[in-house]
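Protein chains: 2
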Amino acid sequence: MQLLPGFRDFFPDDCARRNYILETWRTVARRYGFVEYDGPVLEPMALYEKKSGGELVGQLFDFTDKGDRHVAMRPEMTPTLARMVAARERDFKKPLKWFCVPQFFRYEKQQRGRLREFYQLNCDIIGEASPAADAELIAVLIDLLRACALGERDFVVRLSSRTAWQEFFAQVGGRPEDEYEFFQIVDKAERLPPEKTDAALAKFGLTAQQVLAFMHSKAATAELAPILADLTARGLGGFVEIDYAIVRGLAYYTGVVFEVFDRGKNERALAGGGRYDKLLSLMSDGQTDLPALGFGMGDVVLANLIHDVPAAQAQLHAWLARERAVDVYVVIAHETRRPEALALVQRLRDAGLRADFPLATAKLGKQFQTAEHLGARHAVLVGDEWPQVKVKTLATRAERLASPDELLSLLTPPKIPVILSGA
Amino acid sequence: MQLLPGFRDFFPDDCARRNYILETWRTVARRYGFVEYDGPVLEPMALYEKKSGGELVGQLFDFTDKGDRHVAMRPEMTPTLARMVAARERDFKKPLKWFCVPQFFRYEKQQRGRLREFYQLNCDIIGEASPAADAELIAVLIDLLRACALGERDFVVRLSSRTAWQEFFAQVGGRPEDEYEFFQIVDKAERLPPEKTDAALAKFGLTAQQVLAFMHSKAATAELAPILADLTARGLGGFVEIDYAIVRGLAYYTGVVFEVFDRGKNERALAGGGRYDKLLSLMSDGQTDLPALGFGMGDVVLANLIHDVPAAQAQLHAWLARERAVDVYVVIAHETRRPEALALVQRLRDAGLRADFPLATAKLGKQFQTAEHLGARHAVLVGDEWPQVKVKTLATRAERLASPDELLSLLTPPKIPVILSGA
Numbered sequence: 001m002q003l004l005p006g007f008r009d010f011f012p013d014d015c016a017r018r019n020y021i022l023e024t025w026r027t028v029a030r031r032y033g034f035v036e037y038d039g040p041v042l043e044p045m046a047l048y049e050k051k052s053g054g055e056l057v058g059q060l061f062d063f064t065d066k067g068d069r070h071v072a073m074r075p076e077m078t079p080t081l082a083r084m085v086a087a088r089e090r091d092f093k094k095p096l097k098w099f100c101v102p103q104f105f106r107y108e109k110q111q112r113g114r115l116r117e118f119y120q121l122n123c124d125i126i127g128e129a130s131p132a133a134d135a136e137l138i139a140v141l142i143d144l145l146r147a148c149a150l151g152e153r154d155f156v157v158r159l160s161s162r163t164a165w166q167e168f169f170a171q172v173g174g175r176p177e178d179e180y181e182f183f184q185i186v187d188k189a190e191r192l193p194p195e196k197t198d199a200a201l202a203k204f205g206l207t208a209q210q211v212l213a214f215m216h217s218k219a220a221t222a223e224l225a226p227i228l229a230d231l232t233a234r235g236l237g238g239f240v241e242i243d244y245a246i247v248r249g250l251a252y253y254t255g256v257v258f259e260v261f262d263r264g265k266n267e268r269a270l271a272g273g274g275r276y277d278k279l280l281s282l283m284s285d286g287q288t289d290l291p292a293l294g295f296g297m298g299d300v301v302l303a304n305l306i307h308d309v310p311a312a313q314a315q316l317h318a319w320l321a322r323e324r325a326v327d328v329y330v331v332i333a334h335e336t337r338r339p340e341a342l343a344l345v346q347r348l349r350d351a352g353l354r355a356d357f358p359l360a361t362a363k364l365g366k367q368f369q370t371a372e373h374l375g376a377r378h379a380v381l382v383g384d385e386w387p388q389v390k391v392k393t394l395a396t397r398a399e400r401l402a403s404p405d406e407l408l409s410l411l412t413p414p415k416i417p418v419i420l421s422g423a
Numbered sequence: 424m425q426l427l428p429g430f431r432d433f434f435p436d437d438c439a440r441r442n443y444i445l446e447t448w449r450t451v452a453r454r455y456g457f458v459e460y461d462g463p464v465l466e467p468m469a470l471y472e473k474k475s476g477g478e479l480v481g482q483l484f485d486f487t488d489k490g491d492r493h494v495a496m497r498p499e500m501t502p503t504l505a506r507m508v509a510a511r512e513r514d515f516k517k518p519l520k521w522f523c524v525p526q527f528f529r530y531e532k533q534q535r536g537r538l539r540e541f542y543q544l545n546c547d548i549i550g551e552a553s554p555a556a557d558a559e560l561i562a563v564l565i566d567l568l569r570a571c572a573l574g575e576r577d578f579v580v581r582l583s584s585r586t587a588w589q590e591f592f593a594q595v596g597g598r599p600e601d602e603y604e605f606f607q608i609v610d611k612a613e614r615l616p617p618e619k620t621d622a623a624l625a626k627f628g629l630t631a632q633q634v635l636a637f638m639h640s641k642a643a644t645a646e647l648a649p650i651l652a653d654l655t656a657r658g659l660g661g662f663v664e665i666d667y668a669i670v671r672g673l674a675y676y677t678g679v680v681f682e683v684f685d686r687g688k689n690e691r692a693l694a695g696g697g698r699y700d701k702l703l704s705l706m707s708d709g710q711t712d713l714p715a716l717g718f719g720m721g722d723v724v725l726a727n728l729i730h731d732v733p734a735a736q737a738q739l740h741a742w743l744a745r746e747r748a749v750d751v752y753v754v755i756a757h758e759t760r761r762p763e764a765l766a767l768v769q770r771l772r773d774a775g776l777r778a779d780f781p782l783a784t785a786k787l788g789k790q791f792q793t794a795e796h797l798g799a800r801h802a803v804l805v806g807d808e809w810p811q812v813k814v815k816t817l818a819t820r821a822e823r824l825a826s827p828d829e830l831l832s833l834l835t836p837p838k839i840p841v842i843l844s845g846a
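Taken in order, these protein sequences are the chains called A and B.
Numbered according to this note's numbering, the first sequence terminates at residue 423, and the numbering increases by one at each position without gaps.
Numbered according to this note's numbering, the second sequence terminates at residue 846, and the numbering increases by one at each position without gaps.
Source of the hints: derived by calculation from the structure; they are not laboratory data.
Just so you know, these numbers come straight off a predicted model, no measurement behind them.
All clues stand as given, with none of them false.
Here are the simulated EDC-like cross-link-like pairs (lysine to aspartate or glutamate), alpha carbons at most 16 angstroms apart as the crow flies:
| hint | chain 1 | residue 1 | chain 2 | residue 2 |
| --- | --- | --- | --- | --- |
| 1 | A | LYS109 | B | ASP491 |
| 2 | A | LYS66 | B | GLU540 |
| 3 | B | LYS517 | A | GLU372 |
| 4 | B | LYS516 | A | ASP13 |
| 5 | B | LYS532 | A | ASP68 |
| 6 | A | LYS265 | A | ASP243 |
| 7 | A | LYS50 | A | GLU76 |
| 8 | B | LYS516 | A | GLU372 |
| 9 | A | LYS93 | B | ASP436 |
| 10 | B | LYS489 | A | GLU108 |
| 11 | B | LYS489 | A | GLU117 |
| 12 | B | LYS532 | A | ASP65 |
| 13 | B | LYS517 | B | ASP700 |
| 14 | A | LYS93 | B | GLU795 |
| 15 | B | LYS641 | B | GLU664 |
| 16 | A | LYS109 | B | ASP488 |
| 17 | A | LYS94 | B | GLU795 |
| 18 | A | LYS66 | B | GLU531 |
Build the full structure now, drawing on both the sequences and the hints.
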């Protein structure tokens, strides 16, 4: 019985690697003051059909449930977020800084960096039109990757603007209703031969050369300049490049857009997002009209990049070793001491320590082997010296006798509270 | 656009309450040396049809995918676990102590404590036949609830044994192939009038009185006595009662079975599980033959009980307040100081602190209000004293001037490493 194509089993080591990414995401997002929300894995199909463009509808795991409802496993979060914000907008102070770490499902062709399920961090800021919000969103995105020990040499945020392209298009006489078609041509312009782009642009009186010239200009527009200045004040300017080749496929972006790529260009985009100031109004039939911006970052491409960058890989491995290690392995010298060993194990666990011990009778040597195998920091022998135990620190081989009370205070140092005296 | 019946939106406060339960589960399971695994949300339908009994097949969210595969959203974990263990059994030292915190999907009638999606902690021990494993599993179950500030007065583990009922049945001449039918009658005996039970038992030459007499005996069998002794040595004996009324509905249990209920009997079962020594062999067509035991604990009933027990509720609220609070809110006295404020925010976040600040220009009073609203521990004013900042501890109103370096060292006390000197 095999698992489905494009789906993953997470054996303990795989699960720890997944959790490393999910925990890093949560930690950094919270550090930025984002708060977590979540929605249902299954939603009414109509929720996804409503969203302008509906690009993902053809890739859905959708079906009719036992109550005759057309439902779909979530392929993205924005429609759910829009529904939730519209429902309770007044309960929250603006701007909202919300994040979630959902698993998504898309029936796609499998390839490197693309499965049929994946996790994706979503960060959104809702209710703030100022460029400081764009900078804050891009800053958290950069720090999410920095927290994985990825640096300026490993990735770049390619920053662009739908507004810039809108202005370019308007200046040559383009009509707003043709914008989306024009963006689609721009999106493909670097990948197609110029003749094809020329042919597609002819109806707008434009040439590939004009479009590519604007695309390759590196000057920040008035919209992008304050965002770059903000990021530079944070010391994050080196992670960002203006790149008008980024226009993003989805129809609903209205201003700043960006994508993150590895510098080596070996992978698909690590993340992408932008402003969608009109989407909440559209999704809520005008009920909620708030400026908004957000991005998504998937786990699959990020895991590939971490694998390829030695510093990132080393940090992951150090984390995995810590994650794996138990604090104490209690060794039972004789079965007659099992009740005392059980009581000690309980005390250690009650103190918050990660403690394990042999469930079945085993020879001393084998128990110490198990302690090593589990990466235990300390092995504690419950034997003839009871009520003292022999504590062995496995890394140093140092041994000492201790009472259970001493053992507990050795292993659980008191926390120092932060005291801020008045001045 | 409403969400589907039986599904939940997790607004930030709901999400934090959910995370409290999921984090407590993870923390306690890891304290016991369990390691986390996970599997796909979507599985081949045949995986669930294969399992003996197939009790859940009628409640599945199942459908045909775009590749013409009959698939189902997971209603439980055991079939996935069995597949995974069979695939890589030799890679792991026995016993395996594995846990996961999956979300499950069942098309059921909604009622108190029952939705169409829910989270469930699963803990399993695989490859250990000794009663020490049963005790370890029940101990972690008890400590999961103790960690939610629930005590002996709040819940009880009702411990029983399929083996005891098998022996009872065999002694009155029952045949092994009739056992499951007999268990189903026993399962309902307390809820049905004795005449109905008498009628159902007649074919086995038994009466309701005989069954109820055995059911209400409180003596531990030879199988259960060492488990109770083990739990008593841990100081956990008071959480467990022998109760032969527990037989568990599912067909695959082979020995010890148990369920956990609130003492007030207001809720559905908080958790249930037992030994399933033959299931792995059955699921893997004989490839993997390991004794095994496990339990599941759902989030919905647990959340209800936490809500009803004041101490548990108080601990949850303290956790929520900590979870919600940012460490520092940076107040910007004049917009000219924004670059310095941004640099400071970046330093605070790089140091692992949770820091926030105003994205838009706002008056000082409003910024301090936002700091209070976010539950900030400290407000830090970047203004005329720069390069010094004014640090205000919001709980005490204490204020002092500090340089950014001083602020950092005030807020991030050094960690004390555990040093164990040789003796």
